[in-house]
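*Asks:* Given only the sequences and the hints, what does the whole structure look like? Please build it.
Protein chains in written order, with the numbering used here: chain S, 1 to 543; chain P, 1001 to 1229; chain R, 2001 to 2362.
I should point out that these hints are in silico values taken from the structure, not numbers from a laboratory.
The reader is advised that the hints may include incorrect statements.
Derived BS3-like pairs (lysine-lysine); straight-line CA-CA distance at most 27 angstroms [stated by the list, open to error]:
{"no.": "1", "chain 1": "P", "residue 1": "LYS1030", "chain 2": "P", "residue 2": "LYS1193"}
{"no.": "2", "chain 1": "R", "residue 1": "LYS2089", "chain 2": "S", "residue 2": "LYS493"}
{"no.": "3", "chain 1": "S", "residue 1": "LYS341", "chain 2": "R", "residue 2": "LYS2295"}
{"no.": "4", "chain 1": "R", "residue 1": "LYS2174", "chain 2": "R", "residue 2": "LYS2127"}
{"no.": "5", "chain 1": "R", "residue 1": "LYS2083", "chain 2": "S", "residue 2": "LYS341"}
{"no.": "6", "chain 1": "R", "residue 1": "LYS2089", "chain 2": "S", "residue 2": "LYS420"}
{"no.": "7", "chain 1": "S", "residue 1": "LYS423", "chain 2": "R", "residue 2": "LYS2089"}
{"no.": "8", "chain 1": "R", "residue 1": "LYS2274", "chain 2": "R", "residue 2": "LYS2362"}
{"no.": "9", "chain 1": "S", "residue 1": "LYS341", "chain 2": "R", "residue 2": "LYS2089"}
{"no.": "10", "chain 1": "S", "residue 1": "LYS193", "chain 2": "P", "residue 2": "LYS1030"}
{"no.": "11", "chain 1": "S", "residue 1": "LYS492", "chain 2": "R", "residue 2": "LYS2089"}
To be clear about the criterion: a stretch of chain R counts as covered by chain S if any three or more of its residues have a C-beta under 8 angstroms from a C-beta of chain S, and this derived list gives those stretches [as the list claims (entries may be wrong)]:
{"no.": "12", "region": "2074-2085"}
{"no.": "13", "region": "2092-2098"}
{"no.": "14", "region": "2184-2192"}
{"no.": "15", "region": "2220-2226"}
{"no.": "16", "region": "2231-2245"}
Computed from a prediction, not measured in an experiment: that's the story for all the values here.
For glycine and all other residues, C-beta sits at the position ideal for the given N, C-alpha and C.
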Amino acid sequence: MADAHENNESNYLTATRGLKSWLFTVDHKRIGLMYLVGVLVFFLAGGLFAITLRTELLTPEGGDFISATTYNKMFTLHGAVMVFLVIIPSVPAALGNFLLPLMLGAKDVAFPRLNLLSFWVYTLGSMFFLFTLAAGQLDTGWTFYTPYSNTTGTAVVSATFGAFILGFSSILTGLNFIVTVHKMRAPGLTWNKLPLMVWALYSTAVIQVLATPVLAITLLLLIVERTLMIGIFDPAMGGDPVLYQHFFWFYSHPAVYIMILPGFGIESELIAVHSRKHIFGYKAIALSSVAIAIISFVVWGHHMFVSGQSELAGIVFSFLTFAVAVPTAIKTFSWVATLYKGSIEFNTPMLYGLMFLFTFTIGGLTGIFLGALSVDVHLHDTYFVVAHFHYVMMGGTIIAFVGGIHHWWPKMFGVMYSEKWGKIAALFIFVGFNMTFFNQFVLGQQGMPRRYWSYVPQFQQQHVLSTIGSYLLLIGFTVIAIYLVHSLRNGKKVGPNPWGAQSLEWTHTASPPIEHNFHGQPRVENDPYNFPEIDRTGATDAH
Amino acid sequence: MSDHATAEKKPHRFFAHHFNTVGQQAGAAKMGMWIFLATEVLMFSGLFLAYFVVRGLYPEMVLSSHELLDKTMGGINTVVLLTSSFTMAMAVRYAQLGDNKRCAQQLLVTTACAFIFMGVKYVEYTGKFSHGVFPGGYFNYDEAIQYAHSHGHSFRGLPHVFFGLYFVMTGLHGVHVVVGIGVILWVYLKAQKGHFSTDYYAPVENVGLYWHIVDLVWIFLFPLLYLVK
Amino acid sequence: MILSLFTAPENADAKQAVADAAAPAAEAASAPLPPLETAHSWAMPTQASTFAESTDNLYWFITALDTAFFILIIGAMGYFMWKYRRRSKEQKTSSITHNGMVEFLWSAIPTVLLLVIFVWGECDFVKQSVPPQDALEVRVTGQKWYWTVEYPKYPGVTLNSSTDEPALTLMVPKGKPVRLTMTSNDVIHSFYVPAFRLKRDVIPGRYTQIWFEATKVGEFNLFCTEYCGDLHSQMGGVVKVLEPADFERALKEAGTLEQEEGESMADYGARIYKRRGCVACHSIDGTDGTGPSWKGIWGRTENLASGTVTIEGERGQQYIRESILEPNKEIVSGYAPQMPSYQGQLDDTQISALIEYMKTLK
Ligand code: HEA
Ligand code: HEA
Ligand code: CUA
Ligand SMILES: [Cu+2]
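*Replies:* Below, the structure is given as structure tokens:
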């Protein structure tokens, strides 16, 4: 175990100094932190875009805050930034990079230089997005549907090229993680002793590697279609616009699991550690991730039920969509079961853990409506869909991500933030989030189409509520930002294992960890969820 | 897997210290490469899919357009690439035996083949351009149709789609060949410096794998584009 | 900035709305109120087609099921949170790690329920995709940012939606199946009538088909639900369902723009301008749209590929006729050839009326 003296020896933050020592580091922990900064900055940007468009939606008339063109650019940039620059790299690239080798008891990922490269590729990609902002923005929607994206005057090429580049960053990270999990596990760390976070990162990596190349080629075709007018997607040139949608969703549906699986991983850690109980149904949770990873490749058509694809296709895709819901169900139930006869502590990370169960379940359950063919005909491209995916992406991944940040903050920086403010912010976010998005289900169910800059007055009530909610979210996140930054200087120092967790990153290294993670090669006998509080006598189970 | 660090003999000078053993490092490199190749295959299969959709939509057009592609040149390139694949395999073999000199020779031949391939492609492309056969929207129908007639062919449908695909597919493949030339020269220099030994040859091996994929892709491109039936 | 679609006072009551919108969209000077379809804001829209009911039933079935599961899950969570909250540091916890039976049940039960939902949705969907033989044919064309509706059975009848008012866009008889054959002139649009639970993408370069049978007389919202650019949110209109008895008469009246008694050519032209979609691309206040503004068009000199033309006298009349009937023959420099041809949709008097109207736009 890590002794007290480790705390005042140099750690990965202090080992070397100067900007260079960060920009050219091959240390997975530093790379992870740099990703974290990038992701949060873009999260702020994406959030502000959202606030802007929400403000326009306060009144049914368009144009009393921003013009139609600006509005269209706002939701497009909001969606594109949140998806490509925030949620996809959020957990894997930021937290994952920091945690994976620590959890495996390795000195680093398998290919540290490749890891740095993928960070730089990420930066390059984001540059293209910034350039897009400068050069007339983008108004295609994050889905870049053809033929609109072939014809609109905005900077489609630079944006899609940015996404194309980001894809490679994502591929390289995935590749690196797969190899790391296979080859870098500490002696004794067998597959069924892996923390579920690792399982989640692993199955995510598999999807990233298998799906992203298709996105790459899709965007490439889109670019040549726009620049050279090849005539594959553009009907004016003899192409088929619906083909583009197949290509796009073939990546983008698996992508939604790239977004959520890491969230599942964090959730498992939060629930187990903070209720001091062995995770319920370890194997089921681990394997259901793999199941999801596989099935997710054959459900893309559920985004196209009304796009004029054949009835048969629609039916098959609807069926498979329901199939993919079951593994998720298993996880949800297992998390709740883990709480049973635990010793639940309501600290900030755990609050997010519980919030996740609440919001994600709503998000998932509403996916069922959309999977049902006849109902989706009514709900497709209405606010019901908008509400659904915010409940899963924001209420799932982002909530888990924020929870994860709070959970591993002491490990990353060796300091603790203010519990009081943590709880206050969590409350704001919970209320704000549900206020923003719950009534969007009602809007959608009543036929309010998405991507609308003006709307029928009867919808105003809900829209106003929703906008107020989004302001609460802004407040909540700002509070978080403030107390986290504040804690860096003034937070009280913590020992190696403040939560009494059992995985290697807590038990075998200091907070913050030393530059090469461990003194010597850790060996693993213990199972990561085997907490001292667990009553081996079985007496607790009796009554 | 990794717990017999002691059993290993003294690691070679390219041993990266976040690994426990040389074997672990080589294994990681190999696995990483295979995964990368998987992504390459998936990327190209996306293109092939697009090709088959277009062919399904306009079979007539594809048939009539492909006549314009020069089968002999395509054939030559196929032979050239196959040869290069063979020499590449030899290079790997020699590297495994630690024979840096022979390895270097083979790599040189491989590079030469790659250059020939690009040369032929250059001739083909310019030949097309000079007769208005440009990708997609830049396709000059009047010139191209004349050109086709002068070779006793006639287009049906929208040939610009076929040639658009032709340029994109062969173009992307060409990019891979160029990258290939780069990495082959890199291992060539390493071989020159005599870096490889019986327990360090992963770079040659992986470059080899990459080159075989580039070759394989062409093996599909050639019949699909040049020999449509 | 074009004032947005459907700007009605908040608390307009449904009856009033229907009445107003029923008034021929002709005197659209005062934009009629939109059809308000929901009694109160938490219900589904009115059920106005044969599909609506079973779609809603499934919707509420899933809602009930989901609520049950949600209560189950979150209820359990809440109970555990309270019962097993940490009271002391050394509080012991249970050692159970799994339970085959329970895990089987909570995989199997959802699976079965999901299958039920799948089959139900699937059956309704299939029913919706096979139009009956005797259906009334309607052609729908989507285009930035208005709909054009034609009836092969009633030549010369055309309805257009408008971006600055909820114009009458589709008229159908109650209780008769109607088949829509739809296509687009530019990008993808989507034809959505919430009250009918009906939606289908409208795709350039191909025809998509849907059918429905209206069950309620009244007026209902029509929306475009595939993002199509700036005025996507204004690309809506009004669907009007009538008793079969009144249908033909009303359709002919609304669908053919006859000059009315004592209506001046210019006013007639103004009406055509609004009702035939010109308004979507041509402003009359000088703001530049997809097409050149008509403000001061009469007497203006335009640069064309073939040189310049001054729009006045015989030549001017001629030029405008051509611009309307074969718009892409002569393209005004600085614009894309996006104007559709109105060959067969506008007769000579109507074109002359338009010209008279243009003359008034000084
Ligand atoms: C994190 C991302 C994420 C996740 C995890 C999901 C999860 C799911 N999604 Fe979602 N989805 C998106 C992100 C995501 N989605 C996005 C971004 C879009 C819109 C893209 C765009 O158009 O811009 C979208 C759109 C979308 C559509 C297309 C809607 C349309 O455009 O018409 C559909 C249709 O089937 C769908 C279905 C589902 C289903 C069935 C799940 C399932 O995986 C959910 C499974 C979970 C549960 C079911 C809850 C827990 C289970 C239980 C409590 C057991 C009991 C339950 C029952 C018996 C019912 N989603
Ligand atoms: C990860 C994905 C993600 C996230 C988190 C969000 C977050 C939000 N989204 Fe998002 N949204 C999308 C993905 C996401 N969205 C996508 C893909 C679309 C579709 C786009 C399209 O149609 O093409 C969309 C569309 C969309 C619409 C529909 C627009 C339309 O169709 O017309 C709306 C409208 O209300 C909306 C609102 C919001 C709001 C209010 C938030 C809020 O939750 C935002 C709250 C966040 C902030 C206010 C920032 C605060 C941050 C800081 C202060 C920095 C510090 C932070 C920390 C330290 C943690 N979004
Ligand atoms: Cu037309 Cu949206
Ligand atoms: Cu999906």
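*Asks:* Are the hints correct? Go through all of them and say.
*Replies:* Hint-by-hint comparison with the structure:
Under the criterion of a C-alpha separation no larger than 27 angstroms, the hint pairing LYS1030 of chain P with LYS1193 of chain P is consistent with the structure, at around 23 angstroms. As the CA atoms of LYS2089 of chain R and LYS493 of chain S are separated by approximately 21 angstroms, the hinted pair is consistent with the 27 angstroms bound. Our distance criterion of 27 angstroms between C-alpha atoms is broken by LYS341 of chain S and LYS2295 of chain R, whose separation comes to about 77 angstroms. Distance check on the hinted pair: LYS2174 of chain R and LYS2127 of chain R sit about 19 angstroms apart at the alpha-carbon level, within 27 angstroms; holds.
With a C-alpha separation of about 8 angstroms, the suggested pair LYS2083 of chain R and LYS341 of chain S falls inside the 27 angstroms cut-off, and the hint holds. In summary, the hint linking LYS2089 of chain R to LYS420 of chain S is supported, as the alpha carbons are separated by about 20 angstroms, within the 27 angstroms threshold. For the proposed pair LYS423 of chain S and LYS2089 of chain R, the alpha carbon gap of about 21 angstroms is at most 27 angstroms, so the pair holds. A distance of roughly 18 angstroms separates the Cα atoms of LYS2274 of chain R and LYS2362 of chain R; the hinted pair therefore holds under the 27 angstroms criterion.
Proximity of LYS341 of chain S to LYS2089 of chain R is assessed by CA-CA distance (about 15 angstroms); at most 27 angstroms being required, the pair is judged to hold. Restraint check: the Cα-Cα separation between LYS193 of chain S and LYS1030 of chain P comes to about 25 angstroms, which is no more than 27 angstroms; the hinted pair holds. Taking the CA atoms of LYS492 of chain S and LYS2089 of chain R, the gap is near 21 angstroms; set against the 27 angstroms cutoff, the hint holds. Only residues whose beta carbon comes within less than 8 angstroms of a beta carbon in chain S count, and the region 2074-2085 of chain R has 7; three or more means the coverage holds.
Restraint check on the region 2092-2098 of chain R versus chain S: 7 residues with Cβ-Cβ distances below 8 angstroms, three needed, restraint holds. Coverage of the region 2184-2192 of chain R by chain S holds. Counting CB-CB distances below 8 angstroms, 5 residues qualify, and the rule asks for three or more. Only residues whose beta carbon comes within less than 8 angstroms of a beta carbon in chain S count, and the region 2220-2226 of chain R has 5; three or more means the coverage holds. Counting residues of the region 2231-2245 of chain R whose C-beta lies closer than 8 angstroms to any C-beta of chain S gives 4; at least three are required, and the coverage claim holds.
Checked against the numbered hints given earlier, the structure breaks only hint 3 and satisfies all the rest.
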